[in-house]
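So the sequences go chain by chain: A and P. Residues in the first sequence are numbered from 1 upward in steps of one, following full-length UniProt numbering. Residues in the second sequence are numbered from 1 upward in steps of one, following full-length UniProt numbering.
I should point out that these hints are in silico values taken from the structure, not numbers from a laboratory. Predicted model, so just to flag it, every value in this text is computed and none were measured. Hints should not be assumed to be uniformly reliable.
Copies of one chain are not kept apart here, so a pair can be met inside one copy or by any two copies together.
Claimed, not checked - Here are the simulated lysine-lysine pairs, DSS-like style, with alpha carbons at most 30 Å apart:
id : residue 1 : residue 2
1  : K24       : K278
2  : K220      : K98
3  : K38       : K220
4  : K31       : K16
5  : K237      : K198
6  : K122      : K278
7  : K115      : K278
8  : K11       : K87
9  : K156      : K24
10 : K49       : K210
11 : K97       : K11
12 : K16       : K278
13 : K278      : K237
14 : K155      : K278
15 : K98       : K178
16 : K198      : K16
2 protein chains.
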Amino acid sequence: MAANSEVLSNKQVILKNYVEGFPKETDMLVKASSISLKVEEGSNAILVKNLYLSCDPYMRARMSFNQDPDFSSFTPGSPIEGFGVAKVVDSGHPEFKKGDLVWGTTGWEEYSLIKNPQGLFKIHHTDVPLSYYTGILGMPGMTAWAGFYEICAPKKGEYIYVSAASGAVGQLVGQFAKLMGCYVVGSAGSREKVELLKNKFGFDDAFNYKEENDLDAALKRCFPEGIDIYFEHVGGKMLDAVLLNMRLHGRIAACGMISQYNLSQPEGVHNLMNVVYKRIRMEGFVVFDYFPQYSRFLDAVLPYIREGKVVYVEDVADGLENAPAALVGLFSGRNVGKQLVVVSRE
Amino acid sequence: MAANSEVLSNKQVILKNYVEGFPKETDMLVKASSISLKVEEGSNAILVKNLYLSCDPYMRARMSFNQDPDFSSFTPGSPIEGFGVAKVVDSGHPEFKKGDLVWGTTGWEEYSLIKNPQGLFKIHHTDVPLSYYTGILGMPGMTAWAGFYEICAPKKGEYIYVSAASGAVGQLVGQFAKLMGCYVVGSAGSREKVELLKNKFGFDDAFNYKEENDLDAALKRCFPEGIDIYFEHVGGKMLDAVLLNMRLHGRIAACGMISQYNLSQPEGVHNLMNVVYKRIRMEGFVVFDYFPQYSRFLDAVLPYIREGKVVYVEDVADGLENAPAALVGLFSGRNVGKQLVVVSRE
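Take these sequences, add in the hints, and give me the full structure.
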């Protein structure tokens, strides 16, 4: 530790233990630690002040014990991690200097020491809300963009179905598809969200899956001609119903299956023979693979925001005290739009 | 009917009723009808003598009531249909003449009147066994070729797993993969078949899935590095075990799921989240889409046969009386190699 370094209180969101089943607020603990705002002499680390933290479904995998290299477990007793927007307070790394704004993986705490800052993106455009770098201009935005344009290979006039459609990714997939001239239907879990889909994001149609007794019938009503592209967030029963309604040579881009994350045994999917009969391509993807294309993504999406062609709805929780509830709320669909946590506005 | 036409007895395999569950020999009836060996004046039809009939798993779908355009139901009370090799006896079609050998969809009977012969392929190469046009040079051969080269996008050195590997398609996929320099493991349902895989078809390894208590463990033993490509014939529990063992960016070519065809409710597949984590592309295909490439296929595969680079094992049932048992035997794995029926050798 460098001499004369300022030591501050540092509020943190700690994972108590590995989680099984549905995560609860009480699986986490908010408590104060302390931190020096100087990085050690000779280190490559940077010290950041966290501004906005992103609540993302993939974080559920990290709350359980697992050895997946992309989704490695959080460490019980330590702060959880996630994507966030932060400001550099001190830097031992030649590419970062005090005052820089960055987004990338950081800790759920007021200040974080980031030992390997190479994975962070510097934020150069601040004429848009900074919080957007947890969403439309961050990992969820890249997910929607790569999944839709690269995996779905969409064509004008095609029929697109988006589940979890008002969420961080879904609202963008729907708007990208409309910009391309597709017919877009989304589903979500409340009337309020369905209204958003139709009136704010311009989906052609939308339904509340909780009010449908028969998902197959709901999809047949919304897609009498069938579905060309399904952007999969949900898995389980929804995927089974979609498989019954896909068109020939349909595509399913799978970026997650949130309905399955809290089950000890995932639901079975029974209608996979449709993959054969209908010549369906179902392809999984992980957004990290597309991060090298980030600047190309920004060039495409920043103008959409500035020209008002794409809008983005956020659900903002205030303060780290409210962060555990915000994260847990993702899995009951409590959030309306992209869920994030403000740690500090500046 | 033309005057003076010769009328002959015509043995037929009749579907009694739509089938539910596991098909039985007694779902079919072999009985004699009669047929004129002349086509009607002014008709485009051809009259063929059937030589070899192909027993294929997809025929199970046609035994049940369904409205799929590719797999439309057989008509109860009428002969079933399938791919076969036949000789033209009389022709009203300018492109076919008496004595031509053809392969394509025909009836399970001694003689068939084919009203729309446009879909038939003429056989020009008879230096190879004629029966091969029900297998390696017919629909199953095209399935292996299109599925492996087009859908699997294989690369030298990759790890390939083939289920139902001694069957009409599997034995070819394995040999194509070896020719490309891949590491190939197959599974089948008897020791005899496993021996064939290793000693006749040159698979690197093989196992009897019926002797494995734990398919996941069997795959981990055969593929300590994981599976790049899975050629899917089976579905259900096998697919679930494979999903646990796929490598990053793996590909699953799905041409059928024979384990599911006789179930009233298909088994659930539980491990689809691996499609996301491992960025798997799972793609269904139907060989009919590739029929326009048949001559390109022949150019590739005929030399393999002539040069002995690919071998083909057939399981031959003699006579239409034995055809129902041969067809039903596919679903219990009774056949060793490509199952076909000889109606007449000339």
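Status of each hint after checking the structure:
no. : hint         : in the structure
1   : K24 to K278  : between (41 Å within a copy, 28 Å between copies)
2   : K220 to K98  : neither (56 Å within a copy, 50 Å between copies)
3   : K38 to K220  : neither (60 Å within a copy, 48 Å between copies)
4   : K31 to K16   : within (11 Å within a copy, 74 Å between copies)
5   : K237 to K198 : within (24 Å within a copy, 41 Å between copies)
6   : K122 to K278 : between (44 Å within a copy, 28 Å between copies)
7   : K115 to K278 : between (49 Å within a copy, 27 Å between copies)
8   : K11 to K87   : within (16 Å within a copy, 84 Å between copies)
9   : K156 to K24  : neither (43 Å within a copy, 48 Å between copies)
10  : K49 to K210  : neither (40 Å within a copy, 59 Å between copies)
11  : K97 to K11   : within (24 Å within a copy, 88 Å between copies)
12  : K16 to K278  : between (46 Å within a copy, 29 Å between copies)
13  : K278 to K237 : both (19 Å within a copy, 22 Å between copies)
14  : K155 to K278 : both (18 Å within a copy, 26 Å between copies)
15  : K98 to K178  : neither (41 Å within a copy, 58 Å between copies)
16  : K198 to K16  : neither (40 Å within a copy, 52 Å between copies)
Hints 2, 3, 9, 10, 15, 16 from the list above are not met by this structure, while the remaining hints are.
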